[in-house]
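Novice: Take a look at the letters that make up each chain.
2 protein chains.
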Amino acid sequence: MRALILAGGSGTRFWPLSRKSRPKQLLALEGERTLLRDTLERLAPVIGPEAVWVCTTEALAEAVRRDLPEVPPEQILSEPEGRNTAPAIAWSVRSMPEAARREVVAVLPADHRMGDPAAFRDALERAARVVEREDRVMTLGVVPRWAETGYGYLELEPVELEPDPSPRDVRRVRRFVEKPSEENARRFLESGNYLWNAGIFLFRGSTLLDLVALHQPELSRGLEAIAAAPGRLRELYGRLPADSIDYAIMEKLDGIATLPLDCGWSDLGSWEALDEILPADSQGNTGRGDTLAVEAGGNLLFADQGTIAVLGVEGLVVVRTGDAVLVMPKARSQEVRKLVAELAARGRGDLL
Amino acid sequence: MRALILAGGSGTRFWPLSRKSRPKQLLALEGERTLLRDTLERLAPVIGPEAVWVCTTEALAEAVRRDLPEVPPEQILSEPEGRNTAPAIAWSVRSMPEAARREVVAVLPADHRMGDPAAFRDALERAARVVEREDRVMTLGVVPRWAETGYGYLELEPVELEPDPSPRDVRRVRRFVEKPSEENARRFLESGNYLWNAGIFLFRGSTLLDLVALHQPELSRGLEAIAAAPGRLRELYGRLPADSIDYAIMEKLDGIATLPLDCGWSDLGSWEALDEILPADSQGNTGRGDTLAVEAGGNLLFADQGTIAVLGVEGLVVVRTGDAVLVMPKARSQEVRKLVAELAARGRGDLL
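Residue numbers (the working numbering), protein chains in the order written: chain F, 19 to 370; chain H, 19 to 370.
For the record, the hints were derived by calculation from the structure and aren't laboratory data.
Here are the simulated DMTMM-like pairs of lysine to aspartate or glutamate, each with C-alpha atoms no more than 20 Å apart in a straight line:
hint : chain 1 : residue 1 : chain 2 : residue 2
1    : H       : Lys270    : H       : Glu196
2    : H       : Lys356    : F       : Glu313
3    : F       : Lys356    : H       : Glu332
4    : F       : Lys348    : H       : Glu313
5    : H       : Lys348    : F       : Glu313
6    : F       : Lys356    : H       : Asp308
7    : H       : Lys348    : H       : Asp299
8    : H       : Lys348    : F       : Glu332
9    : F       : Lys348    : H       : Glu332
10   : F       : Lys356    : H       : Glu313
Can you build the whole structure from these sequences, using the hints too?
Specialist: In structure tokens:
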């Protein structure tokens, strides 16, 4: 099996800790390792670093190489510019040696958490066996734990309709569902027939490229042009149609299968999401670094540098970096983008 | 007239900005100047720096000298240890040249704010004339603006009992009142017959020393011993009885007079008190430094270094220094000492 880790993201949800030059996948939010490095180490028992490719941006490539010294440098690929996931995945697979492309490739985000890595690896190996045997595209969908409106969903075919040659819990995907309304999200959760789309896919590399040729001929021609003239990468890459892999390929396929993943997955999409997985002290405060809370509970106190001291406050996020402090209610963690937008409007590139 | 500025204080109410090596009088809370330097410049039109003495501690003496370069260095006196205000004032006056001691001396705290310095100087000059003419001890009491329980009060003799040779608003002090209950504080405010004790006194230096000899003979003998053997200052100063000037002298005197002071006085006793005098922006936020507030109002945001960004919070104090962050509700500003005590208990001298 080969892995392709997508590490080109540039989110702002962990501002002021995350910056353009240090996006979420390069942050050590929970322990001492970055999320990217966690992703690599989690794979190691089933996919060693010599079988890992990483797709990132030119701006981040050096940091990625430093963070993953055991991955062969030629397998750390830099997109000249971000064109969404379809070009990133297809170009990365096309860049692999032909022998590797014939194997099963697992596409994985670089910035997710798996609370139970062994369960994750088990699902990954079982899915890989299905891909090998049936040459199907597989996805690992996460068993939903609440009625989330911020994720896409996979709707499954009813079990009884599936003449299933695979392991018992392999299910066929009926369709990809965009972020739902609250009402639909509740319905999805109750039905037991939906999984969260976590952006994890498995396929034979050569099969993926065949599917690209079939469903996205313009993208396919672009990739062949790049392969024929690597010196023109920057020019040609910028012309690839910018679409997500879901939209460009996956939603067009019949017969995608999925294995439900129940392994403490989190996309760590906000400071509040981080708060939920960090251990709390006796006052219900979570955090990192040098912190002091007096008559204060239920706060996330994250001191990347220096000391945070709070008195008499509840339910806050307080983050301290070398140059900035953020204070907001936990429940408004999603809105940190408003601060980032305001800083951008004020020309404060030094803080972004 | 001579001035004696008491600059030995070591408060923790402005932690994390105030530290042992940089107490409140050495902070620039409102503008670019320290409160100590503000005190000196406020006096300048009536008492030039050559007529100013400063009593501070050995630990702060160098910082005080740097802050007040125009004050003759020999007039910046360092107590070997803090023994409260009676020894500090009496020793400082005893240390003045005899000619200076014969003049009116105004004793002033180094860390108060006067919103209207001209009104303050006017009251000071009028009080000095009473001292010169009648050789009385005078105090400037602040016209109370709310029922404060954190200050001492001066109860005044009723006006009709006072055969008054002085300017019309000079009043005799009946007694010094310790910090009152809430009920009494309200009564004091309504009666119009009480002033806040702001620790500002005027007297002839020689008269003060006579009163010390009369009411505090042990202190008086100690001062003479020091004058006779300056080399034994450290040893002898430590034996002086440690009392406040109010308790040791002022409360024992008949005939102390006062002039009411109505000049935007604040003792800046807490972050909340600072918030009250800083100008607010359109969202009701006050502060200093590089700050950003989105959908957040009524906060004090004080960035001594770096940036503070807040979202969706109200009524908070957020302070950022080079090494620490403080977050607490404004209304609990008095309790910052709890954090300081906890840091001390944890051996965090680096933050104190």
